[in-house]
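As a plain string of letters, each chain reads:
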Amino acid sequence: ASPWTGGDDLPTNPLACDATPATATAKPYDGGEPTNAPDRNGKTLKVVDVPKLVGIGYFNATSKGIADAAKEMGNMDAKTDGPSKANIDDQITLIDNYITSGVDGILFAANDPVAISPVLKKALAAGINVVGYDANSQPDARQWFVNQAEFNGIAKAMMDSMAAEIGKDGSFAIVTSTFTTPNQARWISEMQAYQEKCHPDMKWLETVEAQEDNILSFNQSNTLINKYGDDLKGIFGMTSVATPAAAEAVTQAKKCGSIAVVGLATPNAMKPYVDAGCVKSVVLWNPVDLGYAAAYVLRATADGDLKPGDTSVKAGKLGELQVINGSEILLGAPTVFTKDNINDFDF
Amino acid sequence: MSETIPFVALSGISKAFSSVKVLKDVSFDVRAGEIHALLGENGAGKSTLIKILSGLYTPDAGTIVIDGKEMKFASTRDATAAGIATVYQELLLFPELSVAENVFLGNYPRTASGIIDWAEVRRRTRDLLDSLETYDLDVDTKVLSLSVAQRQRVEIAKALSKNARVLIMDEPTASLVDSDVQQLMTVIRQLRDRGVGIVYVSHRMSEIFALADRVTVLRDGAFVATEDIGAVDEARLVSLMVGRPIESLFPKAEVPIGETVLEVRNLNRGRQVRDISFALRKGEILGVAGLVGSGRTELALALFGMTPATSGEIRIDGKPASIRSPLQARDLGIAYVPEDRGLQGLVKPMAIRKNVTMATLEEVSSGIFIKARAEASRALAAVRRLAIRCRHIDQPVGELSGGNQQKVVIAKWLETAPRVLILDEPTRGVDVGAKSEIHAIMGELVAQGVAILMISSELPEVVGMSDRVLVMSGGSVTEVLDRADATPERLGAAMTAYVDTPSVAGGR
Amino acid sequence: MTLRSLIRHETLLALLLVLALVVLSFQSDRFFTVANLLNQGRLMTETGLIAIAMTFIIATGGIDLSVGSILGLAAIMTGVFWHNLGLPLPVAALAAIAVGTLAGLGNGLIITRFRVPPLIATLATLALYRGLAEGISQARSVRGYPDWFYVLGQGEVLGVPTQLWVLLVVAVVASIILAYTRWGRTVYAIGSNEVAARFSGLSVEKTKLLLYTASGFTSALAAVIFVSRVSTTRSDMGTGIELDAITAVVLGGASIFGGRGTILGTVIGLCLIQALKNGLSLAGITGDGTIMLIGAVLILAILASNLFERSGTR
Amino acid sequence: MALTGVELPPVRPRTSARPSALRRLMADYGQEIVVFAAIVALFVVVTMVNPRFISANNLTSIFSGNAYIAVAAIGMSMVIVTGNIDVSVGALIGVLATISGTLAVAGYPVWVAWFVPVLVGMAINGLIGILVAYGRIPSIVVTLGALSILRGGLISVTGGTWISNLPPEFLIAQKRFFDIPFPLITMVVLTLLAALWMRYFPYGRSLYALGGNPEAAVASGIPAERRVVAVFVIHGFFAGLATILFATQLQVIQSTVPPNLELTIITASVIGGVSIMGGSGTVIGSTLAAILFATIGSALIFVNVSAYWLRAVIGLLILATVLADMLRRGRA
Ligand SMILES: Nc1ncnc2c1ncn2[C@@H]1O[C@H](COP(=O)(O)OP(=O)(O)OP(=O)(O)O)[C@@H](O)[C@H]1O
Ligand SMILES: Nc1ncnc2c1ncn2[C@@H]1O[C@H](COP(=O)(O)OP(=O)(O)OP(=O)(O)O)[C@@H](O)[C@H]1O
Ligand SMILES: [Mg+2]
Ligand SMILES: [Mg+2]
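Heads up: the sequence lines are chains A, B, C and D, in that order. Using our numbering, read the first sequence as starting at 2 and increasing by one per residue. Using our numbering, read the second sequence as starting at 17 and increasing by one per residue. Using our numbering, read the third sequence as starting at 149 and increasing by one per residue. Using our numbering, read the fourth sequence as starting at 35 and increasing by one per residue.
With the rest of the complex left out, here is chain A (with noise of 0.2 angstroms):
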């Protein structure tokens, strides 16, 4: 029986299982374009930031790296407000306001695809420059979308990282937030398909749910643990709430050296884990980045320096940032941070 048959349907691409980078398909432009948008060019910009909620560390890293980029740029007035639950309708019913009150931008992390799209065409409609970053829409629903990493490329540093420690056929379980969360979904796909070509004699056993709550999430590591025994020889933490939880259950039970944690999370709340040696790689990019990218296609968008058709946009200190798929920027291949590292990044 397949381990993982969630997701979204849509198809997996896993790259290829040495250092081989994806062959770029070129793709015309296929995101979407604010009706009679007034001229903004280098007036201020007042934006408005709106995350899949408010209330964790990675948001809240994102929402630092926007606040960051405004203020270098000295031209955009940016506030973040999401909702206090990981809720589409409270989302959708924030920007609706927003695009009432009328900004002139709108950057979102979508709780849902698709749920977000109609409420995001009327901001374009209502001719506000809309950015995604971190979650992505359906594309004409929003003008550019950072992509932090390529779903494929995280699926692979996350398994080519757990097949280093674990060997070549150990056995791993995976702690998720939702099953519904579209970004985990895709990242699980993608560590299946790469998992079934790359490192076929792996073992996945099973994978849990455990909301955005921590503690929710050191108990299921728990169980995993119990119920498996020594056969458990990894646990992917796939949220930054999930891994910190992970790793603190395999420390608790003594487990360290015996089970692998590898996970996305942010290295603050990691750094007890890796410098006792407990965790060797985590992932993640930079969410501060993310943020600081996120702001800077905007700008470059309401400014008319991106346009459709573009293949790369500046972002401040991050310098040129590639266009993929059309209408993504891509922030680059994520991080992964060990014991060597980990203590140069404050996030």
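Keep in mind that the hints are not guaranteed to be accurate.
[Stated by the list, open to error] Result set (PhoX-like, lysine-lysine): computed pairs, CA atoms no more than 25 angstroms apart in a straight line:
#1 B:Lys268 - B:Lys298
#2 D:Lys209 - A:Lys255
#3 A:Lys198 - D:Lys209
#4 C:Lys354 - B:Lys88
#5 C:Lys354 - B:Lys364
#6 B:Lys178 - B:Lys85
#7 A:Lys198 - A:Lys169
#8 B:Lys364 - B:Lys298
#9 A:Lys28 - A:Lys169
#10 A:Lys169 - A:Lys281
#11 A:Lys72 - A:Lys256
[As the list claims (entries may be wrong)] Part of the chain C face toward chain A, derived, beta carbon under 10 angstroms:
#12 Glu304
#13 Ser323
#14 Thr380
#15 Gly432
Worth flagging that the hints you see were computed from the coordinates, not collected in a lab. A virtual CB, placed ideally from N, CA and C, is assigned to each residue, including glycine.
Take the given structure of chain A and dock chains B, C and D with the ligands to it, following the hints.
Below, chains B, C and D with the ligands without anything else, positioned relative to chain A:
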């Protein structure tokens, strides 16, 4: 027998609820070792006065002097500390707690370490209940499974447990049958002889004359008189209370008895209704007597479809009828005025108008819509017909006096134009005036051909109003007596028959 | 007394609403515009439909916590019937509404047949129905509906959002039923004294069964509108909507102990909450500030109306 | 005693014997027994499928990972026993955890970081209690409002940042005493103390009186308003203690609390047999119910129930427990 210096003296007491004056300048006192009866019509303010005396309400004006010292009660705790214990009119018990706990709640016996001594609680409760001759009540059962009468005993035990110097009893016998009343009166006399002052409220005149040393009468919240019992007779007391004389307490109308309307054969339901058979005829009042728990209410509930019978036959006009719900019963022409009017009879926060039409909503509606006018005119007619005293028909029934509330329940069921009317304790807690009015209404109804099944614990009422009396014991009918034969002695014998061996009774 | 105090609460609430509208209009010139207000109607329809059924239930002294889960289940079923079973979309939507109605009937049966207190029964089905939504959907969404379907959630009829018409019709019908019919009378009687209602021959069980079923129905109707508004199905749709609906109902003056409550009150409560959410957001206050204020308004409104009532009758 | 010295009527033999001890136990603790039986049944079944279920490690995680819910449910049960309810406790725990963590990181002694939140919890709930008791607002209304205020306030104030770098000595939930995890000890001790208090102390009993019949309670001299405030303060106390367990389990404190935490806690109370109408139920029941939920959560993973169907199965099990109780009471 008693000192002349009162132990408790209230003077100039006034109390108003939302600008309605309920007590006006009332004075009242209790001496040690006397039984002082407090009389008055429904709504005269007796319970309110008692609640002031027991610290539940604070008076707007007036003083309370105990043992010569003026007191202010902030709560019932202060009153209890001053030696005043109360059996309230509305049963104030805790349904989810055990009998023993209900008795001692608020002043538990404790062990040396300060925790509740449950063994002692249960032992003392047992003693108190035994002293009330209530041997069959388990101190560990939850109060919610008790009958009204059993709860009444728990209340009394609770008041007795407080070692009071003044014991107030607000209609303690309202739901007791005669033999229980005798038992209670014995206990009350014993307490008096020990020097306890007792305030006693009852609408039953016989008890007043059997017990009281003095009586105080209130009318419309005002003090009327305080008399030694030897100085008054019943007629005088009634006219003091009502302000006018009342001719007869049990005005039994002589009505020709018609054919059988309701016939019950071998009806069974659980342990409380066993193999019951009887017939009820047009224009007849069939009284139902029995001890507490003899199954009278259960029989009524089975006939009314609340707890449908499990076997047996019910025939209406000779035709077999199946009654599985109150709605079916109503459509067959059976109406039931329940024993607990606050819980079962009325929706207290709702207007009189709405209560009166509650069982006949279809008749005041066109389609699903209620016709407000039709409803109002019906309610108004009912209020007039039964002489319900109220400000207007949109007054919530909860604001009415007990007797008038009872009339609203009767009115509700008269709206259905019943052919069989079951009255369960129709005059419980109803004052003499209203009582005779309700009896008069019963007379009118039988004259119109309604058949009445009247359950009552007040023997004089049963004897006075019934054409025949059905006596129940242990869930079975032990005797059916004609009016002429229904002497208290024969009734008493039938009520206690077979009670220790109900299975024998069931075999009849 | 009850009638008078009821009117008093609603008058108070209506004044509060007017005050809020005036103050908020001064905060942002984009607030008091026809377009914005109509748009708010669109956003509050789902909660509104659920709150209307909830008013009946709360007036009987009950509660339904499972409405959000029924919404999620019906949303999923819309997609499953249409996409996986290949039913025509209108049939699929009706079938999904039928499923939601059945879920409500399930609540009603548990409550009336087994005499489980409503709060406990619906706490259990809150978990159960959400679980069914998750299990049936296997975490998959169904999207790509035909354009005509979006008329319900995103379109307009006579310049007014389609779903607002639905809410309007349901609100009017519901307020007539509650105020003027035998059923409405029965609801209040049950809420004030269930035993007496039963002794009066009112069909208590049938009424309750009907109400919980109706609550399932409105939740499912809200689900279809929701799906049409956001163009996709998700098993977590409607999470937490029960508390929003209950807030509107109690703000509207219904007594949580039963016997009191009107549709008018609920609708005013609903509008007040939506006006605050929208107006404060336009005035630049973030979401967390807004929910704090709504919490405070809820407590203060009920406190104020208690004080009025007491000073009026004493 | 009132009647000593008075000649009592002759005592007739008692006609009814007391019911057997077992019957009484069933009557008084029926729901607790149902829940306990469900836990035992789960353990037996799941252990047969996978013996690791009953390993010491797994027992530890089941009990101590969810102990905070049981502790919070103790106070919730008391609130419900008095006929009230609190839907804001989840948000309160979030606020208190943030306060606790902030103090710990700011370098205050750990006992300050532990006990200040307890005091704050008592203060906040005291205010709720005052609104309920003296403002005469139904508790569900006040706490719905409080839920919004606390949840919104928490995000406003913290901006959602997590608290990390907690001093190791602060993390008391990770400690063991006599090789028993601290949360487990806390849960058992608090449950027993609270149960004894509610059974053997007049103050505790008065809560049942208040929930069972408020008017009668007042007539029995119980100061209803003061007791309602008190029970909310006590609930705040237990919420504070639950917070200590919640906040010291991991090395970070999340400023958002588990979604629907309040519903989980209320469910534990009512499934444990606390009557939502007030007046009955015990904290032993609510703790057992919290353990039951934790056991179910773990068990379903052990028996390989598809993760998609997990919640549905949990819902079914809760419903089954509820219905079993109703059948036991012969209500069906
Ligand atoms: N809490 C209250 N609020 C408003 N009115 C009240 C309240 N309690 C009593 N009343 C009114 O005060 C009056 C006196 O009531 P009270 O209960 O003292 O009469 P009572 O003499 O005991 O009558 P009964 O014989 O029916 O018991 C009645 O008109 C009653 O409606
Ligand atoms: N010995 C008993 N123990 C417990 N409950 C009892 C007992 N006797 C009667 N009951 C309950 O009390 C209620 C009333 O009982 P029943 O209808 O038999 O009494 P009744 O003859 O109408 O007397 P009354 O109306 O005076 O209480 C019923 O619900 C019955 O189950
Ligand atoms: Mg009275
Ligand atoms: Mg009876």
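Quick rundown of the hints versus the structure:
At roughly 16 angstroms between alpha-carbon atoms, Lys268 (chain B) and Lys298 (chain B) fall within 25 angstroms of each other, so this suggested pair holds. With a C-alpha separation of about 14 angstroms, the suggested pair Lys209 (chain D) and Lys255 (chain A) falls inside the 25 angstroms cut-off, and the hint holds. A distance of roughly 44 angstroms separates the Cα atoms of Lys198 (chain A) and Lys209 (chain D); the hinted pair therefore is violated under the 25 angstroms criterion. For the hint pairing Lys354 (chain C) with Lys88 (chain B), the CA-to-CA distance comes to about 52 angstroms; that exceeds 25 angstroms, so the pair is violated.
For the proposed pair Lys354 (chain C) and Lys364 (chain B), the alpha carbon gap of about 23 angstroms is at most 25 angstroms, so the pair holds. The hinted pair formed by Lys178 (chain B) and Lys85 (chain B) meets the criterion: a straight-line CA distance of about 21 angstroms does not exceed 25 angstroms. For the given pair, Lys198 (chain A) sits about 12 angstroms from Lys169 (chain A) by alpha-carbon distance, which is consistent with the 25 angstroms threshold. At most 25 angstroms may separate the alpha-carbon atoms for a hinted pair to count; Lys364 (chain B) and Lys298 (chain B) exceed this at roughly 33 angstroms.
This hinted pair does not check out: Lys28 (chain A) and Lys169 (chain A) have alpha carbons roughly 36 angstroms apart, beyond 25 angstroms. In summary, the hint linking Lys169 (chain A) to Lys281 (chain A) is supported, as the alpha carbons are separated by about 17 angstroms, within the 25 angstroms threshold. Between Lys72 (chain A) and Lys256 (chain A), the direct Cα distance comes to roughly 45 angstroms. Violation of the 25 angstroms bound is thereby established for this hinted pair. Taking 10 angstroms as the C-beta cut-off, the interface hint given for Glu304 (chain C) is violated, the closest approach to chain A being about 13 angstroms.
At a threshold of 10 angstroms, the smallest CB-CB gap from Ser323 (chain C) to chain A is about 26 angstroms, leaving the interface hint violated. Given hint, Thr380 (chain C) at the interface with chain A, holds; its Cβ is 4 angstroms from that chain's nearest Cβ, closer than 10 angstroms. Look at Gly432 (chain C): its Cβ gets to within about 8 angstroms of chain A, closer than 10 angstroms, so that hint holds up.
Hints 3, 4, 8, 9, 11, 12, 13 from the earlier list are contradicted by this structure; the remaining hints agree with it.
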